[in-house]
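*Asks:* Sequence:
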Amino acid sequence: MYRYDEFDERFVRERVQQFRHQVERRLDGSLSDDEFKPLRLKNGLYLQLHAYMLRVAVPYGTLNSKQMRQLALIAEKYDKGYAHFTTRQNLQYNWPKLRDVPDIMDLLADVEMHCIQTSGNCIRNVTADQFAGVAADEVEDPRPTGELIRQWSSLHPEFSWLPRKFKIAVTGAEHDRAAIKVHDIGLRILRHAETNEIGYEVVVGGGLGRTPMVGKVIRDFLPKAELLAYLEAIMRVYNAEGRRDNKYKARVKILVHEIGTDEFKARVEAEYAELNGPTINAPAEEVERIARYFAAPAYETLPESSSVLEAARAADPELDRFVEQNGFAHRQPGYIALTVSLKPIGGVPGDMSDKEMRAFADIAERYSFDEFRVTHVQNLVLPHVRKDDVPAVYAALKAAGLATANAGLVTDIIACPGLDYCALATARSIPIAQDISNLYADEAKQKEVGPLQIKISGCINACGHHHVGHIGILGLEKSGRENYQITVGGDASEHAALGERVGPGIDAEQVPGAIEALVGVYMSERQTGETFIDTVKRAGLEPFKQGFTAYVAGSTAGEGAHA
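All you need for our numbering is the position in the sequence shown, starting with 1, plus 209.
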């Protein structure tokens, strides 16, 4: 993984010292809250319902054990003993005191971490496939690209005050595990069909929130060496022409929609033609320098199968289920990647205690070459585990309470903090996720349902990605009550699609039953081998609408439904 050089170290330390002075001026009254707001937002500090929230950047989702232990220390000393992993592969502290934030940032800098550009109208943390460098379907590891973009975009003098926030995601694989089509810019690394040259497919104008849109391809193939200049052209067009009069229409997706994909592409290409590419694009030796930080670890030469693991799985049904559900095929023979779910039954999605963080750090250090990943679905990944070591890893995870075998299942729910924390929220998300999780607590029931992505947002800003959930849940306020809209058919993969509403909004108490009704429709409609989303795409929405309507009509709380 990437390591700071002298410039990175100095850059982050100077930023911490600068913010320390700004905090001091806010505390002594020299800065008003309005004056302080843009300064704190540039450093990832939000003011939530009950306290400040500090968002820590995890570039392309890669961390090591030393960093995790430091994050645990901060959670223990300056928060309430836990932290929250987000859908941006970041980490959030929900209870820091303002006076302590500079000290927290110094601790982060000690382990090459920061909070810069995790909020505000700038280019945010670059996200990537959690199985980068591991997946067999990968053309190239996307993390060097993510690091290159991070360095280019950090305090970029032209793009630090954009019309609105800007999010970039990168995948190097055929199967999109980074949701690139619902980002402002999505990059897919691929090979040219004729020359075999490595480059990028460029997608622009995706996003969720109050106006969800799937991104459009504006370049089928961009040579790898030209990336930064082309990104610069996109950003210049957006920065110049994106709306600043209405923040709800300020994202690049609105610009693409209003002028059309072809016109947007033409303007980008015209801007690109005017740029002096060699002065913007990274020199080949710099690209190679960055790539060396992401070289494969020192794998052992091992057979593909492991008799140790096979025997352990045969003797332990719980281990067998864990490997079946949370294991991911590794490109290196004799190794496996393991998803570590942060969705225990009835738990808070994405939360992790300081004790769990320390235990996990020990496991990653010992069994995964001191590396792990944060996923955009609020889980963690041990990317490089010897198959022979899986029984020991599972035992250690189980002892730490981190061995829930539900990756990709109905209880592996994405949920934003919602009205329990967020000042923008209009309804709770966490209790809804917990109720659904408890409803499907039985492992056999989860297995019978199969792969199913439920995603919950507590407001229209869609931090829970509900638009692209196989089942999406949006919490709103209506007539003084929490009201939940249910959508079906969303998809964050390479087949990206936005879910559609299946009926009127319902009360919180009705949501678990509504989910059960929709799952019931799937179970009755599915054909052999079909997953939930397969059935939706084949059968259409009508059976699900009918099942939802019948449930609402028959539920004891049916009188609480709102049109």
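No wet-lab data here; the hints were simulated from the structure. Treat the numbers as computed from the prediction; the structure is a model and nothing was measured. Where hints are given, some of them may not hold.
[Unchecked claim] Derived CB-CB ranges, DEER-like:
| id | residue 1 | residue 2 | range |
| --- | --- | --- | --- |
| 1 | Asp525 | Leu258 | 40 to 48 Å |
| 2 | Gly469 | Glu533 | 12 to 20 Å |
| 3 | Arg575 | Ala449 | 50 to 58 Å |
| 4 | Ile489 | Asp242 | 51 to 59 Å |
| 5 | Ala505 | Ala475 | 35 to 43 Å |
| 6 | Leu511 | Leu364 | 42 to 50 Å |
| 7 | Glu527 | Glu383 | 27 to 35 Å |
| 8 | Arg690 | Ala524 | 45 to 53 Å |
| 9 | Asp214 | Lys306 | 46 to 54 Å |
| 10 | Ala449 | His704 | 32 to 40 Å |
Note that beta-carbon positions come from the ideal geometry of N, C-alpha and C, so glycine has one too.
*Asks:* Now tell me if each hint is right for this structure.
*Replies:* Each hint, compared with the structure:
1. Asp525 / Leu258: 40 to 48 Å: 44 Å, holds
2. Gly469 / Glu533: 12 to 20 Å: The hinted range 12 to 20 Å is violated for Gly469 and Glu533, with Cβ atoms some 47 Å apart.
3. Arg575 / Ala449: 50 to 58 Å: 51 Å, holds
4. Ile489 / Asp242: 51 to 59 Å: Check failed, 38 Å falls outside 51 to 59 Å.
5. Ala505 / Ala475: 35 to 43 Å: 41 Å, holds
6. Leu511 / Leu364: 42 to 50 Å: 44 Å, holds
7. Glu527 / Glu383: 27 to 35 Å: 33 Å, holds
8. Arg690 / Ala524: 45 to 53 Å: Given a distance of about 52 Å, which is inside 45 to 53 Å, the answer is holds.
9. Asp214 / Lys306: 46 to 54 Å: At 33 Å between Cβs, range violated.
10. Ala449 / His704: 32 to 40 Å: At 33 Å between Cβs, range holds.
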